[in-house]
Amino acid sequence: MNIPEGLKYSKTHEWVKMLDAASCLVGITDFAQSELGDLVFINLPQTGDEAVMGETFCDVESVKAVSDVISPVTGTVSEVNEELLDSPQKLNEDAYGAWIAKIENITGTEELMDASAYEAFLQTEEA
Amino acid sequence: MERKTPLFGEHERSGGKIVPFGGYLLPVQYSTGVIAEHMAVRTKAGLFDVSHMAELMMEGPDAAANIQRLCTTDISSMTDGQVKYAMMCNEKGGIVDDLVICRMRPDKYMLVVNAGNHAKDAAWVESHLTGDLMYSDISESMAQIALQGPNADIILKKLCDGKYIPVKYYHFVENGVMDIGSRKIGVLISQTGYTGEHGYELYCRPEDAVDLWRALLAAGAGEGLIPCGLGARDTLRLEASMPLYGHEMNDDISPLEAGLPCRLDGKDFIGRQAIIDRGRPAIKRVGLKITGRGIAREHCLVYNSAGEEIGWVSSGTHCPYLGYAAAMAYVPSAGYEPGTEVAVDVRGRKVEAVIVPLPFYRIIR
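Protein sequence lines, in the order shown, are assigned to chains C and E.
Going by my numbering, 343 is the number at position 28 of the first sequence; the sequence numbering is gapless.
Going by my numbering, 413 is the number at position 364 of the second sequence; the sequence numbering is gapless.
Next comes chain C alone, as it looks inside the complex (with noise of 0.2 Å):
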């Protein structure tokens, strides 16, 4: 299970890369990607779209299911991946490239893990 250090984590499985202090990148990590199966599609969020922590802001579907993605923090979406549109394959391929959205004027964070403690969250998660 790919898990870079460097990112953190969310609990249900988002990856977040500050950018700087309030802006970031945000998508789903390879545990998520291998959980939810070939991805088909993904239903952007649209850029001036507010992001709340612990809500839904997007959700990409698989062939068999339709998921959530949660966002890790509260800011407004500001840039969206539009590559994945074409390609929501990326999303399998490459988790930790296939950014989803950049999130800007961030002003509130969900706790988050490093990659240690992801990891260690995957093992108690896991069943």
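Hints were generated in silico from the structure; no laboratory data involved.
Wrong hints could be hidden among the right ones.
Unchecked claim - Stretches of chain C that chain E covers, calculated by requiring three or more beta carbons in the stretch to come under 8 Å of a beta carbon on chain E:
| no. | stretch |
| --- | --- |
| 1 | 349–363 |
| 2 | 374–388 |
Stated by the list, open to error - Straight-line C-alpha distance at most 20 Å; calculated PhoX-like pairs for lysine-lysine:
| no. | chain 1 | residue 1 | chain 2 | residue 2 |
| --- | --- | --- | --- | --- |
| 3 | E | Lys-66 | C | Lys-379 |
| 4 | C | Lys-379 | E | Lys-338 |
| 5 | E | Lys-316 | E | Lys-133 |
| 6 | C | Lys-405 | C | Lys-379 |
| 7 | E | Lys-93 | E | Lys-169 |
| 8 | E | Lys-141 | E | Lys-316 |
From the three backbone atoms N, C-alpha and C, an ideal C-beta is built for every residue, glycine too.
Dock chain E against chain C, hints included.
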């Protein structure tokens, strides 16, 4: 408490992601993933554990008459070794289940019904039997493996003499023998399937299933054969527009509404009069090609270009081979011809779609 097929250990060992289905624990996919498994069937070959399906035997002087009464299709001109698709209907004209009927002899038939309806179908059949026949539910003594894809013949012929392989679609050969190296296994090979691709369904004893599964995978290794799960089974059957009970059919929907073959002016069967009494069907099953951004799934509502709600989606998914999202839906039977633009409500968003003829995908046989 879900049950396991004889191949459960194989699926676990190969990293199958196990889910409950029709009362059984089965792999929805392996580490290859639904898309790769789907494409394997369309381009090379895929292997499916379908042992959860249920088999009911009817044998005796009145076996044929009972099947005629229970099932929509007329079996009177079937030949030995032939298979026919049919439905059983209830007194309201709705569908109890869809099934295939295999004729061994004029007085001996095997009905293969859906796992999810096993108990319901057995109770239905048993409660309607009359006359001189032996009926037995032989599901426990049958395992079933489906080998589907363009390379199915090459693979099968490595294990089995051609004389045991049915040459025609919807035909089967009983008492076949497969040589898996260490020993020989008895099989019934049917040229049928639920993928829209050329292929076979192999019936064997449960105690032979593991060896047969492994032998097929070994024989197919050089031909691109991989094991495939329920996820691919669903995307494949949807591309081929094959109905699935609980989606395109249920106790309320009639064969005419579902667009499934059902002759009303021939022999009588349970539900025939009720279907006639319903009159011209008010709804019909259509195909939708999703042209907007989104994937229409079961239960999504369908709207016409005037914004009126006109129907619902019975099944839908992203179709890996076709490369677009497709769905089957029920809409009013008047109008709504192929080419008609509609919209589907996908989680609060209206996504454009167009009605297209069924099937979405078909091979030349």
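Going down the list of hints, with the structure as the test:
1. 349–363: Since 5 is at least three, the answer is holds.
2. 374–388: It holds: at least three residues are needed, and the stretch 374–388 of chain C offers 6 whose Cβ sits within less than 8 Å of chain E.
3. Lys-66/E to Lys-379/C: holds, 13 Å
4. Lys-379/C to Lys-338/E: It holds: about 17 Å lies between the C-alpha atoms, which stays within 20 Å.
5. Lys-316/E to Lys-133/E: With Cα atoms ~16 Å apart, Lys-316/E and Lys-133/E stay inside 20 Å; holds.
6. Lys-405/C to Lys-379/C: The hint holds at about 18 Å.
7. Lys-93/E to Lys-169/E: Since the Cα atoms of Lys-93/E and Lys-169/E sit roughly 36 Å apart, the hinted pair is violated (cutoff 20 Å).
8. Lys-141/E to Lys-316/E: Given that 20 Å is the threshold and the Cα spacing comes to 18 Å, the pair holds.
Against the hints set out earlier in the document, a violation occurs for number 7 only.
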